[in-house]
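Asks: As given, the protein sequences belong to chains A and B, one line each in that order.
For reference, each letter of the first sequence is one residue, going 1 to 251 in full-length UniProt numbering.
For reference, each letter of the second sequence is one residue, going 1 to 848 in full-length UniProt numbering.
Calculated from the structure, these hints are not laboratory results.
Predicted model only: the values in this text are computed from it and were never measured.
One or more hints might be untrue.
[To be verified] Computed from the model, here is a short list of chain A residues facing chain B with C-beta under 10 angstroms:
hint : residue
1    : His7
2    : Ala9
3    : Arg12
4    : Gly39
5    : Ala43
6    : Leu49
7    : Ala59
8    : Ala83
9    : Glu84
10   : Ser86
11   : Arg94
12   : Thr186
No residue lacks a Cβ here, since even glycine has one placed at the ideal position from N, Cα and C.
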Amino acid sequence: MIAAPIHIAGERLMLDPAGVLHWPARRLLCVADLHFEKGSALATRGRLLPPYDTRETIARLLPLLRRYGPRHIVFLGDSFHDAEGSARMAEPDRTALLAAFAGIEVTWVAGNHDPTPPAGLPGAAVEELRDGPLVFRHIPQPRATGEIAGHLHPRATAPTRAGGVARPCFVSDGRRVLMPAFGAYTGGLDAGDPAIATLFPRGGRAFLIGSERLYSFPLAPRRASLPKDLTSFGSGQAELPLSVTARLRNG
Amino acid sequence: MRTLPEPFAGWFAGRGWTPRPHQLALLDAAARGEHVLLLAPTGGGKTLAGFLPSLVDLAGTPRDGLHTLYISPLKALAVDIARNLTAPAAEMGLPITIETRTGDTPVNRRQRQRERPPNLLLTTPESLTLLLSLPDAPEMFAGLSAIVVDEAHALAGTKRGDQLALCMSRLGMLAPAARRVGLSATVAHPDLLRAWISPTAKADDVRLIQTKGGAAPVFDLQLPEGRLPWGGHMGLASAPEIYRRIEAARVTIVFVNTRAQAELIFAALWRLNEAALPIAMHHGSLEIGLRRKVEAAMAEGRLRGVVATASLDLGIDWGDVDQVIQVGAPKGVSRLLQRVGRANHRMDEPSRAVLVPANRFEVVECVAATEAVEAGDLDGEPPRPGGLDVLAQHVLAMACSAPFRSDDLYAEVTRAGPYAALTRRDFDDVVGFVEDGGYALAAYDRFRRLFRDAEGFLHIRGQAAARQLRMNLGTIVEQPLLKVRLRGGGVLGEVEEYFVSTLEPGDCFLFGGQVLRYERLDPAAIIVSRGGEGEPRVPVYGGSRMPLTTYLASRVRAILHDPRRWKHLPEPVKEWLRLQRLKSELPPRDGLLVETFPRGGKWFLVAYTFEGKLAHQTLGMLVTKRMERLGMGPLGYVGTDYVLAIWSAFEPKDVAALFTEDILGDEMEEWLAESSMLRRTFRNIATIAGLIEKTHPGAEKSGRQMTMNSDLIYDVLRRHQPDHILLRATRAEAAQGLTDIARIATLLARVQGRIRHRALKQVSPLAVPALIEEGREWVAGGAEDALLAEAAALVEDATDGAEHFAETLAEVTESVPVRGTSVARAKSRDRRRGGRYIRSTPKMVSGR
Chain A
1 MIAAPIHIAG ERLMLDPAGV LHWPARRLLC VADLHFEKGS ALATRGRLLP
51 PYDTRETIAR LLPLLRRYGP RHIVFLGDSF HDAEGSARMA EPDRTALLAA
101 FAGIEVTWVA GNHDPTPPAG LPGAAVEELR DGPLVFRHIP QPRATGEIAG
151 HLHPRATAPT RAGGVARPCF VSDGRRVLMP AFGAYTGGLD AGDPAIATLF
201 PRGGRAFLIG SERLYSFPLA PRRASLPKDL TSFGSGQAEL PLSVTARLRN
251 G
Chain B
1 MRTLPEPFAG WFAGRGWTPR PHQLALLDAA ARGEHVLLLA PTGGGKTLAG
51 FLPSLVDLAG TPRDGLHTLY ISPLKALAVD IARNLTAPAA EMGLPITIET
101 RTGDTPVNRR QRQRERPPNL LLTTPESLTL LLSLPDAPEM FAGLSAIVVD
151 EAHALAGTKR GDQLALCMSR LGMLAPAARR VGLSATVAHP DLLRAWISPT
201 AKADDVRLIQ TKGGAAPVFD LQLPEGRLPW GGHMGLASAP EIYRRIEAAR
251 VTIVFVNTRA QAELIFAALW RLNEAALPIA MHHGSLEIGL RRKVEAAMAE
301 GRLRGVVATA SLDLGIDWGD VDQVIQVGAP KGVSRLLQRV GRANHRMDEP
351 SRAVLVPANR FEVVECVAAT EAVEAGDLDG EPPRPGGLDV LAQHVLAMAC
401 SAPFRSDDLY AEVTRAGPYA ALTRRDFDDV VGFVEDGGYA LAAYDRFRRL
451 FRDAEGFLHI RGQAAARQLR MNLGTIVEQP LLKVRLRGGG VLGEVEEYFV
501 STLEPGDCFL FGGQVLRYER LDPAAIIVSR GGEGEPRVPV YGGSRMPLTT
551 YLASRVRAIL HDPRRWKHLP EPVKEWLRLQ RLKSELPPRD GLLVETFPRG
601 GKWFLVAYTF EGKLAHQTLG MLVTKRMERL GMGPLGYVGT DYVLAIWSAF
651 EPKDVAALFT EDILGDEMEE WLAESSMLRR TFRNIATIAG LIEKTHPGAE
701 KSGRQMTMNS DLIYDVLRRH QPDHILLRAT RAEAAQGLTD IARIATLLAR
751 VQGRIRHRAL KQVSPLAVPA LIEEGREWVA GGAEDALLAE AAALVEDATD
801 GAEHFAETLA EVTESVPVRG TSVARAKSRD RRRGGRYIRS TPKMVSGR
């Protein structure tokens, strides 16, 4: 596993291919959108999905805690799929989490799925967490800088010679980082969806999650802001090739 | 010999008809209360034969209530048959009520049908399941006298067939006296079809009535003028000849193999259509109203030609079709006969058909198919055992109708042909799955759908499960589809979501015979306008190509191998084969010819295996894994129906080591677990079984799409409960889907010690078609990471930091073909022969 460094608001952060973010200066590990107990939440509505999602999510989390040995772990909201989720958590799962949290400061950032702090688990519940130049919150705010957010479950499709390969991804433009969802049953939203694209008006990079490392792809800038960007590219550069203008309409 | 009673005899005589022997034979069988399977070619008055005993019975003793249930695979067919029966019934003044019941039946009529069912009810397997899931099913079906299943050959062996077999088993409980009548085209395995229709799952309990077809069909082989193409499957080169043949006949059906081909052939014909002949198109993606219009125009004789896919294989009798043209290889003998039977729907005259092969191999295949028809041979896979996912849906449907005891339901289910061999363990696990998910971790006790009472009856809990069932009923899992809507106009049809994701606004594509310009994506539809510039693309639909049947493949091989059998082949094909004999050698009958040669800085290996496209795809995967292990650096492969071609970085020397039987061991296991085929199978199974909800086109598009796909569930379940019933069902079904594995095993066993390796200096004549074949698989197919790495690195190299130029550079070098490649893109690739296997800069991760 090779984590990739990225600089946000002057801080060096590591994007881990497991889908988590590490801030070495603070020994802080940030994990977004675990959606614990999503399986049982759907079961209450008659969809009996395999009840192993919480167990699986924890199993993916534990080696990361061992590897990074963080002082502080920040769950970036939607840690539980619903407000009653923590009450439904199976005892062995809760015990495993309690053991893993020993000696670690735990912060539960509130999410739209879990506005209240989880019952029976240690840690502080906050609306958002500010630390130095960075702010950790669940729902990204327009025009924010130094922001680490979740909520949107970004996912992108990279064209390869054998067709598109879709993976969850980090998205960043150097000002903010949008985190991929970590939970075993969390789906994805295409990074081109307006909900994500509007956060990155000048385009950005998608870091697709691979099994050992991240794969970086440029993300197209927003259509509306294209002309401005192109002028800036044009100045000082050679003339724009004609084909660029031809492609412009497509963004 | 029995004669017809009045008023039937008079009615037949009034039209100058005499009852056919099989129609009388069915009357006899009905009088004896026998179950019957009738095999007759199209146009034999089959459907009337099926209904005649019921009509005679009802004419003699009129009564209220349901008498005969007719089930057809097509809604349209049920509607058409109802029309065709109502007219004569009225003419004879029969006191018989006839109605249809399909998904389109309005609610008030459904309600009335439940209270006062018609004598003859015409329906589909899905609607029947729904009726049987209702609590009043026992009353509705108690007096049933006959069950008539039309086009039984098209249902048996499919999941819809499994569903229908289970429903018939239930009807056997509700109305034990009901006779069963199966109507079918001639098939290769009549006994298996008898067992499918049988109330005891035993073939012996069903009488077989077979009519010998009249005159043998007459075939013409039509080659394009000029050069005979090496590759391609569209047959566009022959468009002028097809047009001339349409002009010369009264009414022609032009059958093609895929929807994309239908669009292209249709467009080509209209470009040539100076006489403005009324030529239409019919395929499964066109809006249903458009299809009905085409069918109506056809029935009224207003069309001279219709370009059609399998959507016209079954069903409605067009009457006046006097010519069938098959463009592209027929792929199977039974399929060809079925299609040819659409012409001249009268048994005593020969059907006339024209075969239009698209390339050289297809010429051989066409000749092989016509020889098989002459020899009276048929092909077709035998029906497979019933799916556990279908059973899960059925168990829930039966629970909705009434509480049941497991023992009773097990006995009932195993009386259905496809489930005769179902083990009690599998049955119990399926019931367990319906009950509470069937998980080892008893987490969902509180959410169970079924509960057991003290006497062991299983009851449904609450109405939610019943609602869920009705939403998810049916066994057809569609690819996510999007409607195609004209701006400010109506819906034209549907395309696969995947195809849309490869479009950009302004791109144009061919659909329903017109060039459409893609404007934008609405929540439920893509908005298009007419017209547009540039080469239009053609939507491609997944899994639409039929693989070559084993039987036909072996006939093709036999012809190639033996120059004495070349006499029916046209001269260019003979020349091609002679050239092959000169430059390399002809593929042997039993051994295996493998050629290797260098080309464009790579090494190619071509194996003449003739096992069909699916088997070759699997074999390609296994052989390249072995090559990887031996350090040959395999890069990619392509499987056609005839050969497997692999390209690699290093020269493959010890070829025999690649085709040993043990490649089915380790490589196989490793690949299977991760394969996308297994994931796809799981998705279908989980949907049919009701674990994940069916997507209802349009409905799920509102709001943001945060799709949790079935892959996530598959991964979690595989890790935590690998023997879960749905995973067992997935593996079982995949193993059948890979019938090909059996084919590969047989092949490898057969060729051991008989592999003929020819190391050539250059490509051989027979290898050319494979090298220009679409649909290559890349070795990295399983290792997506390698592809991502390559693509990411290429972006870096090409953009040199200036990210926003990535797209431009991609344009300048080469665009990356996305799956569902368009014809336009294929062409642009063809121009770059030299670098054709090297892909360059990807486009940006685009907005969609």
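Asks: Please go over all the hints and tell whether each is borne out by the structure.
Replies: Status of each hint after checking the structure:
no., hint, in the structure
1, His7, "16 angstroms, violated"
2, Ala9, "21 angstroms, violated"
3, Arg12, "20 angstroms, violated"
4, Gly39, "8 angstroms, holds"
5, Ala43, "4 angstroms, holds"
6, Leu49, "6 angstroms, holds"
7, Ala59, "8 angstroms, holds"
8, Ala83, "18 angstroms, violated"
9, Glu84, "12 angstroms, violated"
10, Ser86, "15 angstroms, violated"
11, Arg94, "14 angstroms, violated"
12, Thr186, "7 angstroms, holds"
Comparing the model with each numbered hint stated earlier shows that hints 1, 2, 3, 8, 9, 10 and 11 do not hold.
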